[in-house]
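Trainee: So the chains spell out like this:
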Amino acid sequence: MGSTRLRRRPPPPVDRASARAAEERFFERLASRVNEAAGVYDPLTRRTYDCSARNRVTKVLDDRSREVKALVKRLAERDLMRTFEEMPRNGIVLHEIVHKELLGRPAVRVVIAGAAFSPVEELIRQGSSRRPAGPEDLSRVTSLIVRSDSVFHYLGAFSTTGWDEAARRAVSGPNFLAALLDLHEEAWRAWLPPDPRWRSAARIFDLASDEEKAAAIRRWVKRHTFELIMDEMTEELVAEELGYEIPLVRRVFEAIAGEDPYVRLDASARPWRLVRTYG
Amino acid sequence: MLNRIKKLLGLKDVPEEVSPLYRGARDEREALILLREARRRDEARRRRAMQDLEVLDRTEAELLEEGQQEGTETRRLLIARRIKEIRGKMQELNHRIENIYNKRIQVFNEHISSLETVLELSREPLPDKRAMEEIAIRARELLEDLEKAREVAEGISLVPASAEPDEEEKAILREMERPPSREAPARGSERPSEEPEAGEKKAESPKREPEPPEVLFEE
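So the sequence lines, in the order shown, correspond to chains A and B. Read in this note's numbering, the first sequence has 238 at position 238, and its numbers run on one by one without any break. Read in this note's numbering, the second sequence has 45 at position 45, and its numbers run on one by one without any break.
Hint data in this document are derived by calculation from the structure and do not stem from the laboratory. Each hint should be verified, as a subset may be incorrect.
[What the hints assert, rightly or not] Straight line, CA to CA, 20 Å or less: simulated DMTMM-like cross-link-like pairs of lysine to aspartate or glutamate:
| no. | chain 1 | residue 1 | chain 2 | residue 2 |
| --- | --- | --- | --- | --- |
| 1 | A | K222 | A | D260 |
| 2 | A | K73 | A | D63 |
| 3 | A | K222 | A | D266 |
| 4 | A | K222 | A | D206 |
| 5 | B | K84 | A | D231 |
| 6 | B | K103 | B | E85 |
| 7 | A | K222 | B | E54 |
| 8 | A | K69 | A | D50 |
| 9 | B | K84 | B | E124 |
| 10 | A | K222 | A | E236 |
| 11 | A | K222 | B | D57 |
| 12 | B | K84 | A | E232 |
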């Protein structure tokens, strides 16, 4: 079948309240993942450090939150307080992993950071926006977080309106790696630059459970009947769209084909695909 | 052939309906169930195909709109090719609906209707044809006998066909022939049912002069 892909439809605009809610959910999930993590690898010292609560210090940077407040004061014409309450804060949270050698003072070795991104000006002026975050936004936040050359930083950068493709150019440096996160069709999506330094830290930014991912894949397949009819519902397409691993997509494909009498799994050639069948 | 199989299997009472009514159904009722299921399956397939057609139709419209707004020739050509693919798929689906599902559903409908008629009719058994015939003949014969007997009875009857009326009957007959209008008031109290008739007549001729009393007439 043909390979001409449709131009992707622009995502629906995100309003203040949903951006705020998404931001809060992001920080909750990130904190939960950090709590679950046993250790984190430091590419600078090539050691894995225990990141349990006793070796961890959590800090909140509110520089950007203050910026949001200032922008509301400057741009909002009325209901300033209400607008500010609805607004996402573009918060930054740092989980510093501290290690103490036998002799000497405890020192921060690795930082696991989370940063939220929202188009604040548009949200204040128009109430909603679909402008994705770009490389400049990411670079600015990276410079706020990465202050020391002797500490390695893992950054989970979550944008409430998704990421511009160009942002993928600004995701790694000598002492930092950033994962681009967003909510795509109600599914937590992560894009991590291929880099050997990730190791176990990659799991921290995988914010969705397997069940949630499976549900997201099912939802995606259900919403994209056109691709199914045109025999274009491949495992690669779904994996690329949702940022999930191929084996999981395959498992869900098999389950869908087993349940839906009008869908068949074509595993005769790679990539595997779901195709429409009429029985 | 079937008989030989029956013999080989040692089965004497395999019903004749084993010869397929529909997919090996053993009787009409079973065939009807199977046919209804088959029809439901085909209807669901047709519904699914029509929903898919709607999706394709919508996408085609979106692409056409996109093509109209597109400036570059290359992109327009790509969109045109995509629309061609979609139209091909739509044609395939339409063909499937028209030539497979619609026709098959029509066949199922016919067969189901016939089976339903058969089952409905066989619910109340009819009497045996020969017995019906014999009873009908017997009934006709009995009726004929009755007619003959009646004729005979008429022939030997002692009572004259029209007897002369006696005196009392003659008086009544005369009374019947008398015009009722003049005697109506006199018998008013005896026959109240005739009053409305009189009233009607009055209504017909409201300007009629009152008749003079009988005494004056005698003078």
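Trainee: Would you check the hint for K84/B and E232/A, treating anything up to 20 Å between C-alpha atoms as holding?
Mentor: It holds: about 16 Å lies between the C-alpha atoms, which stays within 20 Å.
Trainee: Between the alpha carbons of K222/A and E54/B, is the straight-line distance 20 Å or under?
Mentor: Roughly 15 Å separates the two Cα atoms, so the pair holds.
Trainee: Under the criterion that the straight-line Cα-Cα distance not exceed 20 Å, is the pair K84/B, D231/A satisfied?
Mentor: Distance ~15 Å between K84/B and D231/A Cα, so the pair holds.
Trainee: What's the verdict on K222/A and D260/A, does the C-alpha distance respect the 20 Å limit or exceed it?
Mentor: holds (11 Å)
Trainee: Just to be careful, I want the Cα atoms of K73/A and D63/A compared with a cutoff of 20 Å; is the pair within it?
Mentor: holds (16 Å)
Trainee: Between K84/B and E124/B, does the CA-CA distance stay at or below 20 Å?
Mentor: violated (60 Å)
Trainee: Compare the distance between the alpha carbons of K69/A and D50/A with 20 Å, and conclude whether the hinted pair is satisfied.
Mentor: violated (37 Å)
Trainee: Taken at face value, is the distance from the CA of E85/B to the CA of K103/B at most 20 Å?
Mentor: With Cα atoms ~26 Å apart, K103/B and E85/B exceed 20 Å; violated.
Trainee: CA of K222/A to CA of D266/A, is that 20 Å or under?
Mentor: holds (17 Å)
Trainee: What's the verdict on K222/A and D57/B, does the C-alpha distance respect the 20 Å limit or exceed it?
Mentor: holds (18 Å)
Trainee: Next pair to validate is K222/A with E236/A; report whether the Cα-Cα distance is within 20 Å.
Mentor: holds (16 Å)
Trainee: Holds or violated: are the alpha carbons of K222/A and D206/A at most 20 Å from each other?
Mentor: violated (23 Å)
Hints 4, 6, 8, 9, counting from the list given before, are not met by this structure.
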